[in-house]
Every structure is written in C-alpha cells, then in structure tokens.
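All chains should be modelled from the sequences, with the hints used to inform the complete structure.
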Amino acid sequence: MARLYKKAKYEPNEAVEFEASGPALEISRAQVVDPREEREALTFMQTDSSSYDAEGNVRLFGVTEEGISVFCRVEGFKPYFFVHIPPTWGDCGKLRVALQNVLQKSAPRFSGGSANLVLEIEEVERRSILYYVPGDPAHKFMKITLAEPRLMREAGGVFERGAIEGLAPTTTFEVTLDYTLRFMCDTGLVGCSWVEIPAGKYSVNRFNKTTSSQVEVSAHYRSLIAHKPEGNWLLSAPIRRLSFDIECSGRKGIFPEPEHDSVIQIANYVTTYGRKEHVAKVIFTLKSCAPISGATILSFDSEADLLSEWSNFFRQCDAEVITGYNIVNFDLPYLMNRAEILGVKAFPFLGKMLNSKTTMRSSQLSSSAFGTHESKDFSMDGRVIMDMLQIITRDYKLRSYSLNSVSAEFLSEQKEDVHYSIITDLQQCSDQTRRRLAKYCLKDAILPSRLMDKLLSLTNYIEMARVTGIPLSWLISRGHMIKVVSLLHRKAYEIDLLIPDLERGAAGGKSGGDGPQFEGATVIEPDRGYYTDPIATLDFASLYPSIIMANNLCYSTLIRKDDLGRLKKEDYATSPTGDHFVRSSVKKGVLSTILEGLLGARKTAKKDLAKEQDPFRKAVLDGRQLALKISANAVYGFTGATVGKLPCMEISSSVTGYGRDMIQATKAGVESKFPGSRVIYGDTDSVMVKFGDGLTLERSMELGREAANQISQLFPNPIRLEFEKCYYPYLLISKKRYAGLYWTKLDKHDKMDCKGVESVRRDNCRLVANVISDVLESLLIRRDREGAIKLVKDVISDLLQNKIDLSLLVVSKALTRAEGSYDAKQAHVTLAEKMKSRDPGNAPTLGDRVPYVITRGTKKQAAYDRAEDPLYALKHNLPLDTQYYLENMLRKPLERIFEPILKSRTSELFSGGHTQKVSVVTPTNGIAKFAKKQLTCLGCRTPLKPGTIGALCVHCKPREAEFYLKYLHECETLEDDFAALWTECQRCMGEVCQDVYCSNVDCPIFYRRTKTQLDLAEASKKLLRFVPEW
Amino acid sequence: MAQVDACVVRKELTYEEKWQRFELGERKYGQQYSQVYFNRLNMMREQLKKAALQRWSSLQEDSIMERMVQAKDGAESVVVGILFKEMKLKPSILQEYAKHGAAMMPNPPRRAEKLYADESDALILEDETGRIQLEFHEEREILKDLREEFLVSGLIVAVKGTKTKKGLFSVAGVCPVSVLPQPTTSISEDDAYVCIVSGLGFGDETMNPLYADLLLETLKGAALADATENFKLAHVIVAGNSVCRAKDGSDKGEYLKSHKAIDRKAQDEAAFPMRELDRFLCGVASAIPMELMPGENDPVNYLLPQQAFHPCLIPDSTKFTSVHRSTNPSEFSLGGQTFLGTSGQNVDDYMSYLPPVNKPAEESAQRLDVLESMLRFGHIAPTAPDTLASYPFSSTDPFVMKEWPNLFFAANQPSFSTTVVSEGTSSVRIITVPSFSRTREVVFVNIRTLEPHVLSIEISL
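Heads up: the sequence lines are chains A and B, in that order. Following the working numbering, the numbering of the first sequence begins with 1007 at its first residue and continues without gaps. Following the working numbering, the numbering of the second sequence begins with 7 at its first residue and continues without gaps.
Note that these hints are calculated values from the structure, not bench results.
The calculated EDC-like cross-link candidates involving lysine to aspartate or glutamate, where the alpha carbons are at most 16 Å apart (straight line), are:
id, chain 1, residue 1, chain 2, residue 2
1, B, K172, A, E1283
2, A, K1842, A, D1871
3, A, K1799, A, E1901
4, A, K1287, A, D1324
5, B, K94, A, E1419
6, A, K2027, B, E32
7, B, K105, A, E1783
8, B, K34, A, E1978
9, A, K2028, B, E32
10, A, K1293, A, D1437
11, B, K34, A, D2021
12, B, K34, A, E2024
13, B, K120, B, E102
What follows is the structure, encoded as structure tokens:
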C-alpha cells in the first residue's frame, strides 16, 4: 500500500515509530517557501497567542495570507507589576535586593541558586483606577520586572503578605493580569489580528523545529508591528479547520465506555475558512469499509494503529480550529482515554507544539451569562477547539440541542439518526454495513462545520476577539469577564492608570453577598389586556452603556464618602442609590471612554456595513458590530459581578437606579405631554404607550416618534429614547410575557413578536407550542377571537378523540443521573427502567434522551408510572391519557393567553360540547389479547353472524358502495401519506437501495411514518373485507 | 337501398389478460421502498450490461463493473445503476411541515402539480454498494440519442466514464436498455377497431351529460351513417378518470372529520357518479367487449398499480362478462397485438422533471418523448416511488418491461399525439390519449395496422 502522507517529522520523548499505510492523501497546505528573513517581511494573522514557554517567550501561532501556518517565538518580553510603597521605604535598589532574597527563600524551586529573579525595579508616577481623589494627584509606584511569568504570583504574594521586613502588607497592582494579555496590551496586539515582522527583524528556524507549523521564526517583541483589523487587515487568513466525529462499538444496552468499548471509526472533514470547496474527507475505520465517493477511507485491523495513525493525520493536517459536536465532552476524552488504555504512546501530542503532551482536565466554567457547565479542558497549543455544541448552547435558546434538531433548526435539514445500539451490529456485519456507518459518521463530521459556516460562528468569534483584544480560545474557555478585563487594561495602560488586584469579594465598598441583588428592572406594572389599538414602543438605545456614559459612572470617578467634603457641589452628581461620581468636566471616566470607543466603532461598522458589497466583508462587519454591542453591554455586568475581577456595586446599582428613574420619568413625561395617552407597561429599557382610543397606526407612529424626540430632551447625552415599532394588536399577558404584531412600516407588519409565551422548555410536548402559536396567529394576524376560541376547542376535541399526531404529544427528557439518585419518581426514569426489563439491549442509558407519552394505565397508577415509549404505545395501540395532556399541559398556557381576552370565562374553553366525545383505542396487549374478536358490520357495527361473507350485515348491504367509498377514502389518504413519508426518509438517508433505519425522534415524521404503516395495514384489511360476490 | 344487410356482424378479437403482475393480493405495509429499487436494479442489470457491450463495441468485457465500488479512480469503466435526481423543488412533506410552521399535521403536497427542474439539480448513480454524483461535459453528444433532462430518478442505466479524484463520475456516455424483444403472434388480417377513451369524468358538473350519451351511441354504432364500418369496432378501452371526484386536498382536519359518521345524503352524493358510470358501461358492454381501467380520480386505491374497480361500485355492468375490470397500468392482447398502457400518472409525473415548454404542440411532442424514453429505458414508471406514489413491492418491480408491447399508450393527456418507435425488428406504436372531458375526443386504433385516428364528438345546439 502506498504511504499515507508525509511521515510526521517529530519524535516525542519516548521514541515511537509511525507506520503509515493506506492510499496517498492530499492534505498538505499551501506550498511553503521559507521566507528570506533579510529581504522580506513576514506577515500573518495570529490565531492563538495564549501560551508561553518557561522563559516567558510568547508563542504566536498564525496563518499567512497564502495559508501557510506560522509559529513565532516572541522574545524579550518580561512580566511586571506595581506596588504602592510608602516614601519612607527608600530606593529601588534596596527593594530589589530585599525582594530577591525573599523570593529565593520562599520559592527555592525557581532559583537555580543565584539566578536573577528580579530584573529591574523602577519608580514611576501613576494613579489607581479606583476612586477619584480630590485634586487627582499622581502617586509614586514601584514597577517591578521579573525574570519569568511564573514568579508573578509569588512576588505579588510577598507584598500582600508583607513578607519583606519593614514593609506593611500592601495592595499590588496588575499581578493577576494574565501574562499573554499583558503582552498583547503592551504591544497593541488584539486577538486574531495581523502581525508584521519587518525584514531583518526575525530569524527562521529551519532545523529541529519544535512545532508542526510550516514556518517557524523568532523575533523580539519590539519588532512586531500590530495591524489594526481595518481596511486591508479586515479579512481573515485562510485558517484550516478540522471537524471530526467518532463512532464507538458499544455492548448491548450500555453507552460506550472507553474502558471496554473500542473506537471503530473517526470521520474527518477538513476545510479552509472562507473557501467553499473542502480540503479532504477522510474516514478512519476499524476493519475494511467499502468506498464512499469523494471520501478517502483508511482501514486498520488494530485499533491502536487506527488511533496512532489518526493522531498522525491530526498533526499533519495541522488545523488551527478543531470542531465537531460535543467533541469536548465526548469524542476527545474518549479518544484520549482509549489511547491511554491501549498504550498508544504517540497519541496525546495533538497541539502544535510537538513535544508538549496534550493533557485533559475537568473544569467548571461558571458564568452569570452562560451558567455553570462541567467541561473538559485540553492543552492543545496553537489550536482552538470550537465545539459547536458548546457554541450553540451558549448563543441560542433551543428546545433541544441534539445535532438532529440543531440541524433542523439552522440548516432546515432532518438528519438520519442511528441509535448506538445498532452501531455494533453494523460494524460486525460486512464492509457494506461499515460503509453505511462511515457515511453516517462522515455526515456528523460535516454538519458541525456547516453549522459553523451557517451561523457565522468563526467570523463572529474572530471579530469578538478583535474587538475585545483577547485570544480566540479564551472566548470559548472563559466567560464574559475577561473581555472587559482586556478592554479595561488596554485603556488604563494608555492613560497610566493602574488596576489593583482585589481579593475576591473584597471589592469596593458595600459589596459582598452572593451576587448582584438589585431591585428588579421592571418598573411599570403591566396593565394586562388585549389591545386592538396600536401600542407604540419607545426604547432606550443601549440603555446601560449610555447611562454609564451620561453620568460618567466609573471606578475612576467614584468618590469616597470621606472625600466628599473636599469637593465643590457642582463637580459631582449623586446617583439614585446615593453614590457620588465626579462630573466628566472634572475627570472623564475610563468606562465612559471605553464605551464611547465601542459604540463609536459600532456606528462606523454599521455605516461600513451598509456600504459594503462583498458578502464576506459584510459578514465580518456584521460580526464586528454585534461583538461591539455585546462587549458594550458586558461592561455593566462586569461592574456588578461580585466574584469578578473588579466588582463595584456603587456603579452597577447606580446604573439600574438611573434606569428605573428614567422609565418613571418617561411615563410621567409621556402622560403629561400627550393627554389621553397611557403607559401600559414598562420593561428594562422600553416603554409601551397607548396614545389614545381608535388611533390609526400612522398617527400612533407619528406620536411615537414625536414622544421619543421630546422625552429624549429630558435626559443627558447620549441617552436617547427611540421610537422603533408599534405593536398592533398587542396581547399583554403579564410581566415579560406578551405577544403582538410588530410594525415598523405602514404597509405590512414585520413579524409576530412573542416574548415569554412560546415555551422553549423541552419538558413540554410540541402540541403546546403549536396550539399557542396558532392561537396567537389567529388573534393577532387574523384578529379573530372567535376563530382562536374555535381553534382551541377543535384541538381539544381532536385530542380527546385521539386524532392528534403522536409526535406532537411526545415529551422528552434526558436521563442524566442513575436511577435512585433522583429525589422524586420521574416519568422518564421509571420508563427507562421499564424498558430495560423489556429489552435490555435497546433501553435508554445514562445520557440518552428518553422520549415518552403518558398513557391511560390503570386508575391507581401515578402519572410517572404511566409514561410509555411512544413507539411501543403506537405498536400496541395503548390509549393515551388525553385528559392528562389537556389538564397538565395545555390548560395553563392557554388560560394565560385567554385571560386578558375572556377574563373569568376561560373555563369555557375546557368544558362544553367539544369535550363530550372521547374515544379510546383498544390496546392489543394485556387483557385485550385474550378477548376473542368478533367481526362487526363496517356499516352499523353490529356483530356479524358467523359465516357472513363480506363486510356488512344484511341491513347495510344495500348501501355497500357508500360504505366502501368511505373506507376507501380513509385508505387512499393513508396511502398518500405512506408514499410521501417513506420516500422522504429514503431521500433524507441519501440512498435508495437500502432500508431506512433512522431513529431521529426529533424529526416530525418519525412517529407519523410508523403510525401510517400500522394504520394503512389496518385500513386496507378493512377494505379487503368487502369481498366481491362475483 | 332498402335492402337490409343481415350479415353485419360485430368483429370479435381474441383477447387475453396480461395484467396479473399488477394485481396485489394481500397488502402489506411494513416494508420500505428500498426493496423496489433493489429489485428493479437486479431485474435489469444483466440486460444493461449486454446493452452497454452492444452500444460501445470497443469495450472490453472486464471494464464493465459488477458493482460500482469496483470502479477505480482515473480508469474508464462502465457502471450499471439507478439514476436518482436530487431536486430541491420536488414535493416534500418535510417542507410542508416547515412551511406550515405550527400546523398540526400537514398533508403530503400534491404531486405533479408543479415542475421540479432547477439549476441546482444533481444527477446521481446508485447501486447496492454506493452512490456517486455524475458530471457531464459540455458536449452533449456523449449521451447520443438521449437528452440529459430525460434522465430522471429511478431509471436503470449503464454509464461509461471515469471516477475523478473529486469523487464524481465524469460521464462519457449513458446507455439505456434501448430495445426489448417483442412477442410475435399472428395478427388478424381484417380491419377491426379498438376505441380508447379516457377521462369520461362522470360527476363533473361542468360537463354536459349529452356528450357521454352521444359517445355511447357512437360506440354502439347507432349514431353513424356507415354502419358497416362502425361495426368493425371490436373493443373499447376506458382508460381511467371515469368519474370526477373532488379529491380533498385541503387540510388534514377535513380528513379527520371524515371519520365521523357520514350522513346518508353525503354518502349518496358520493356514490352518484358511480351509478352514472355504471349505466354508461352497461350501455357499451351490451354491444362491445370492454376494458375498464381505473385512473387517478377513480375510487380505487391511490398507490400504483391501481387495482380494478370494486364490483359493488358498478354492480350492473360487472354482471356483463364482456366487461374486463383491469388494473392501471394494464396489459392485454387484442387480436394478437399487445397493448400496454396507463391512465397517465406515470407520464404526468415524468413531465414534472422536464424543463417547461410553452406551446401545446411542444408539450405533445414532449409527452411522446416521455413515452419513448420509458420504452427505451424499459420501465413504465421510473419516477415511482420517489415522486410517483406506488405500492412498496417487496420482491419484484412490476413496472419493469420485459418485452416491448405493440402499442404503448398513456391516457388522460391534454391532447392526442402519436408516433412509432422502431429499433431493429421491433416497433411500437405510441399514443397519448386525450382526456374526453377536456377535449371531447376519443382515439380509434386499427388493430391490423395499429394506425390511430381521432374521433371528436360535437354537439351543435
């Protein structure tokens, strides 16, 4: 067999030989010509700069415009921090000796005896960012430069503890600032920006490379030219992406575990960011696999070889971005564990640094915005892991985050789903079945990449890195906080402000407690109702940022109570919460400056966006304006995060305080200036106004615009009230729950806008969401109250008569913990147990989502006991507890919607004629199995005498044609469904000669196609009872 | 003149049913459609290999691959497989779900009402071992007598070409079965006629019932002056859409409501057109033997092949032994000539794959081309089951042609058109039969020559 690809050049510490096999594979990047360092500059876009070596040399990884991967070792940059030293202490030299001594003692592991740990101490004049002190005097600080980054904490601790004799404990400044971020701040480098190293300023390392990059250079940090990501530097380099997915063989009924179950396939999809055509599709399989067009298949007899060869491929591929679906918590850990168990020594070297072993550790990312997530962290220098599952859960609220439903949502594609219990069978059968598996696996590798393109995730994340200045990988591994830290440090560095290292929770003044505990932002109680007049909505544009700017709220403008007396009244303002800030005429706040920069940049980006024609640049600019908006809003959160880096409750509570006052002032303003108008609801940053009875939409919009202008005058710059839209009609249900038609133009409404109404909660069945959106459509678009009521009644009637598609009634929950560890009995857990006793091979296991329906069961059974597998219920004709669905699922949300309309009469929806007729199917299992079936007349249902030929009794016989037509019609309709559903699945599967075996329960036709099969068989059986007599 | 010619005797033709393969016994729905494709491929594979060797005479036998998997990159090879056309405009029930948003349970989209062709369409070749996308060069002659747009889903072809590095199959030529054997039987030497009528449309309120009456009289021979000629009409084929029923294409809600007991009056109304048809059939059958095929609008099953009318729907005419209730498609021999025909769904659906034409004449020509291509590809309904609803056969595909008929027709077409397809010693008369309710036309075919002509029924009021 031909060689797979260039043999990896590297040899890890333990000498491992790579055996290459399989057909030739073209995955190499652009042709490399080593740059001529004396004559040409080297320019590349850095993709990762988050690591450094022991000496503090920063590692810059990047890609040139041509697509060549570059590694640059940046030398010469040294870590430093500041301390405020009383003037009585003496000179720098004395401090240096003292610090060196303490460090050598306290941290003998650093000093190779007499190493020079403290490089330099210099006296500088600076101000602290915290508090405005009358007169704004500068202070003397010691700038302490150390030999290595890892000495920082130790040295900082020396001052915090007061470990130097004669020096009391003192606050340090900028010790905790991440070393690479320090480097980036000082060099003006932002995440994913272009870097140029002029000719003659770098040296190429041609031998003994330490990374998998094509070009390796070293340069002094002062030689770097950081290009701002504008103009020619706006676009991104052709970054390489690798998306992969693994399949494991499981044992019957057990979710695969790396201790026992082998990895049988790894599908890889290699693309270049910004290019349409892919680089390669490569599938590694255990045992032979029939070819797949367009893909390269590499088959192995031993799993260890497969893993080893894959890691080889991974390095050769040398991607900057690694993606997939749930790779962080499943695929990667599985591979790492499996490689360890099999003793594949060469495996865990997946980063760009050849000799650095990839390690994995559990981490917990807690973020107020993202919630708490358990996750795994991998050290993979130079590669950014963008797991699309993490990105989508973070950025979108969805009913379900399975790859199936995510693809359905964003790519409008249903995806074939193979249950892992079938996977082992497919693996063991033949090269044809393994080929099916490989195709499925490949699709799962391609989809994340397509999702990333469709959602512009990479584009947007790159822009976010540029706007906030942090490395791309931090956007994923860290919360919002680091973004503001970066912005704050960059601005502070410019204007010589120092940021103190605060002990956690000990920040400014009256903080403490578990988190921001402000009064709710909602200030005007909703006047609930169904409004058929236009409701104008006045919104504050970028409310919190503009409050901060308008009132000059900042760490650097906050005045300590003790200092108040030394200030003139007109120099400061007092916030609604009683905190004091100096006016911008005295000293402009850093936060204001940062926000002005962000919002100004956003304006520019939006303006450029409007002019831009090129779709790629357009996407970049749109990503940028979005990133700027998000970053501006993050500033407020940063000040309020008690466990954050620099919390300051005075700022954050003042912000919300001003906000509340403004909403009240708006209400008062509107109602006094526009007689007859009424503010019916006010939320965080918007106010809903009804200007009068019977006003036209046009008039309401005019008044809205006028009001926005007039009321804006009440507030200081840059706070602006804007009129954006009218809701017409408008259904105000309660706080944060409303729905309305959204109008910005006169001719046509833009959309139906629903807040808090359509439940995205996964523990609801689809019927609820569907009915609610149908009802809202009827109420708002057709303005048909009676129609909406009829619709609800029809649905209820259909429900009670068993005519609702099963897929609409399925509820699904993830089995996250082992049975027994749940406090209360839960439906899906009980069902999982039941299924296990029925067929241990196909029962759901930990981590699975368990779909279920609630069946009637016996009277005594609790609801959780009556949960049943939908397919089982379907096949055995188990009757569903429709009453349960009505009372426990539909009733509450419907009552909420109809309450403003029907007031106290909502109960009429749930009782009356439409609820009278109830049909219950006869189950085909249990006791019913033993009942002897007697044929009944298909016309009048009377039992037929034994020996009667045909479908009808003698009385109905004369009307045979009529009855035949009726049953025929039923059959025809089902036939139509059958054909449409099964051909659809055949197409979706992407092959017509093989049976569909998809088990995608998220697909709307999954249950319907099975039900149609059963119903059609039943219906055609009935039809065939009409035996011709001739 | 007044002499009565007592010797006028209606011609009688030998008649043989050949539609048994379209009859369904017990119907099962637990299986899937993949079996149909699988069977189709295996029923036709050997023939195609032969056809390929014949067409590309320079071909070495070993360059014909047993399975697609064996084709090697860069080497010219011939692969036999099923064509599948990926078209985003194909009707799709999933798209209905997306379109209706919250709708409870959308109906399948109506088929054959729109055209599927689009620039983004891709043609794929598949066998049991895999599928590969076909890539055509600019020069169209590689297809020889075939036009690319006629390559639709479900056709079995042999494709000559090279697998490219990109994983496509670069096509150098496509080969259909081309020609099938024709049965040789003794054909009657006298002139005798068969009348094919389709789309009687009983129950269509827009149609004057007089037309049907006049047609009946014509067929019975009472309305024409030259009775001798008339009595040469030996068989009538009623080819589908004999009644007009409003198919409820509305929402599923309506369908659901149909479970409720239908009131007597509605049921009675539903059965009314059937009684009209029954009367008409009795009239014909009393004089001439006939074939009754169901069609799309008729009250029989929806999936192809459609099964014969249930006797209870046409109780009176069923009593005549001269009425042959057949399937759709149907095949039978008359006077030694084999007739194969459908009520038109197969052609209509095939037409949806083709680029639209504007003029009626062009459309007629295109419909003839469709029928011809079905002959050449050896399949009556290639687009079934993908876009043409059909029964999920598990061990056969009855739509595969094993022989060429002498006459191949599709009924319920917009207009009459005809041509002859000859290849070697085989020759097939092709006819598109117009819908009577739309055109007032029926087609007469001379059974000796298979020469057709149109008869138009006019009433001047």
